[in-house]
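K.L.:
Here are the chains, one letter per residue:
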Amino acid sequence: MEIKKGIAVSPGISIAKSLIIDSEDYRIPRRLIKSSQRMVEIQRTRNAFKDAIGELTQLEAAHDRSGGGKIKDIFAVHLRFLHDRSLRKKVTDLVHAESVTAEYAVSTVLREIASHFAKEKDAYMSERAADIYDIERRLLKQLLGKKREDVGHLTEEVVIVARELSPTQTAGFDRKYVKGIASDAGGRTSHAAIVARSLGIPAVVALEDLTEYTSGGDIVIVDGNRGIVIVNPDDQTIRQYEEYSKEFAELEHRLDEIRQEPAVTRDGTEITLLGNIEFPNEAEVVLEKGGAGIGLYRTEFLYLNTESEPTEQDHYEAYAETVRVFADRPVVIRTLDLGADKYTQSKRFAPEPNPFLGLRSIRFCLQNLTLFKKQLRAILRVSVLGEVKIMFPLITNRQELMQAKMILHDVMEDLDEESIPYNRNIQVGIMIETPSAALTAYSLASDVDFFSIGTNDLTQYTLAVDRGNELVSMLYSTVDPAVLRLIRNVIQDAHKAQIDLSVCGEMASEPEYIMLLMGLGVRTISIASPMIPEIKQIIRSVTIEYCNKVARKVLGMDSERQISAYLRNAARKILPEAF
Amino acid sequence: MQAEEDILENVVYDTELEIKNAEGLHMRPAMKFVDIANRFDSEINVSNGETNVDGKSIMQISMLAATCGTKLKVRAKGPDALEAINALKELVEEKHFDEPTPKR
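Here the protein sequences come in this chain order: A and B.
Using my numbering, read the first sequence as starting at 1 and increasing by one per residue.
Using my numbering, read the second sequence as starting at 1 and increasing by one per residue.
A hint or two may mislead.
[As the list claims (entries may be wrong)] Computed, partial: chain A to chain B, Cβ under 8 Å:
hint, residue
1, Phe81
2, Ser86
3, Glu512
[Said to hold, decoys possible] The following label-pair restraints were derived from C-beta to C-beta distances:
hint, chain 1, residue 1, chain 2, residue 2, range
4, A, Glu112, B, Asp14, 27 to 33 Å
5, A, Ser126, B, Pro79, 38 to 44 Å
6, B, Asp14, A, Gln58, 53 to 59 Å
7, A, Thr370, B, Val11, 30 to 36 Å
8, A, Ser308, B, Val11, 51 to 57 Å
Treat the hints as calculated values from the structure; they're not laboratory data.
Beta carbons: idealized from backbone N, C-alpha and C, even for Gly.
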């Protein structure tokens, strides 16, 4: 029995056999093949080189057009390697001599070359190992591309164990069979964690070396409430957890009972509780859990789930499905917010050195107008079906907002010309998730109908902490005094300008933080649907007067630790059973 | 006629080239090196005294990991051996792969 402690990112308990999947760092087992099979593997090797060359040539050409000098050179070097006959021969010779698979031979040969570079004393030379690993990955992607989809065809319940999961991988999981998720890397707000939460799959991340302790088929317990993963538990532990799991399910059930009740404090302040969704089929779950609408409809799935770019009709249908479910209740559709995650980076023409500060989100859209306009058209077209609002992410200054609005206006004119109906008075809002937007909220407020504070990005940009990096993730805290000052600033500016304000980051779904937000003046929050009942229960058991007091106290504190401890205590007093 | 071709096939030239750019024969210079080497029909071999590699293979050339100051023996064999040697000499010792040389 091995007990590992990580970060709980999605609540619930699961007990099942493990399925290990490799994501970025493919570890290829040495599998011997029959000698008659060798020609097949050699042909597979050749095809992989050919396809990798094709892929790279395209990337290089794309970069030629956009004029990226250094990056183009990198592609050019990688292409020379792929064209290098002596490299290819080394790989096919290994397949032939040792009767191993193409992927094993590719991996072995390239890692050997990489380690040759890594041994060089000259730092400049030793760093070249990264280039070789990159070439290895590109070849393996060709060889393993199809195999990796196996998770999609499960026939029994499993717990997924992986080094790291991409949001796309997570989104592709079949809820019927994937009962739990445990990964070595990742943080509380990594996208994979968010997806796990919205799918309601218990998940624990940042387990560091779990994959080294687990073999495929081991029984694994994922405790998504306490952040514990147990590999090969003994009978007593299994019994304990079965019991615990039952209790947890009962608590969930009790919370579900309050879903028809309004989210109103004991002294009569009403809070609007909305749901965050990722996929159209989650809309139903938001309703089930008692959400009053969608406060954040992430639209990235449209791009992540397919190889080709979605059409306007793809957008339209996905949005229409959700909007119809909510009829006259609000659905806030956020425009494409892709760019910084590993998945898009790996697909991108060239990985950016610093993607979180790079061409992502609205910046990406403003440079890819065809793609952006396509999405805006679809959103405008569904606006006649219900109460649709548009939200632009990652705005950093007024000019960007004006540009985005101008493009929206262009699209409206196009629709006018084609006599396609849309809601002319559609509400337009922005995410406040960069310090620059928070500091200039007073000015941005005059040009939008609403703000939505994205606490995840706002925190990471304010504190300069990568939320997915477990080495520094302890520095990441939404209740850091610096972040709270920005949040308070935005709330005050929104009130002054009399525009709507909501909070849609993870912060709003933390039972410990909800009172603080209410005390700061927040009246609308949007959270992952599984959290709605619990948050509603807290709202119903507090008074706004008490929340105001909590906020005043916290604003007077100058250390994150003090604030965290104070908020935990305050919440414990209100809701002892939840902590 | 046949004899003349045979003679041409076997023309051998060699020279010693010193790497003079600051960062040495890393990926980009290696690419330039093999690009030029591949323009010629002659066989091209490069040696650092320990290892002898194919001058047309980027894998082999880059694995020499020749740093600034390293002297490489380059040997070309074939009909255009002299042209090949001259072109490589120009790239390595005159142009320094179009890269900066160390500040003195």
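K.L.:
Confirm or reject each hint.
P.N.:
A quick look at each hint next to the structure:
no.	hint	result
1	Phe81	holds, 6 Å
2	Ser86	holds, 4 Å
3	Glu512	violated, 50 Å
4	A:Glu112 x B:Asp14: 27 to 33 Å	holds, 30 Å
5	A:Ser126 x B:Pro79: 38 to 44 Å	holds, 39 Å
6	B:Asp14 x A:Gln58: 53 to 59 Å	violated, 40 Å
7	A:Thr370 x B:Val11: 30 to 36 Å	violated, 57 Å
8	A:Ser308 x B:Val11: 51 to 57 Å	holds, 54 Å
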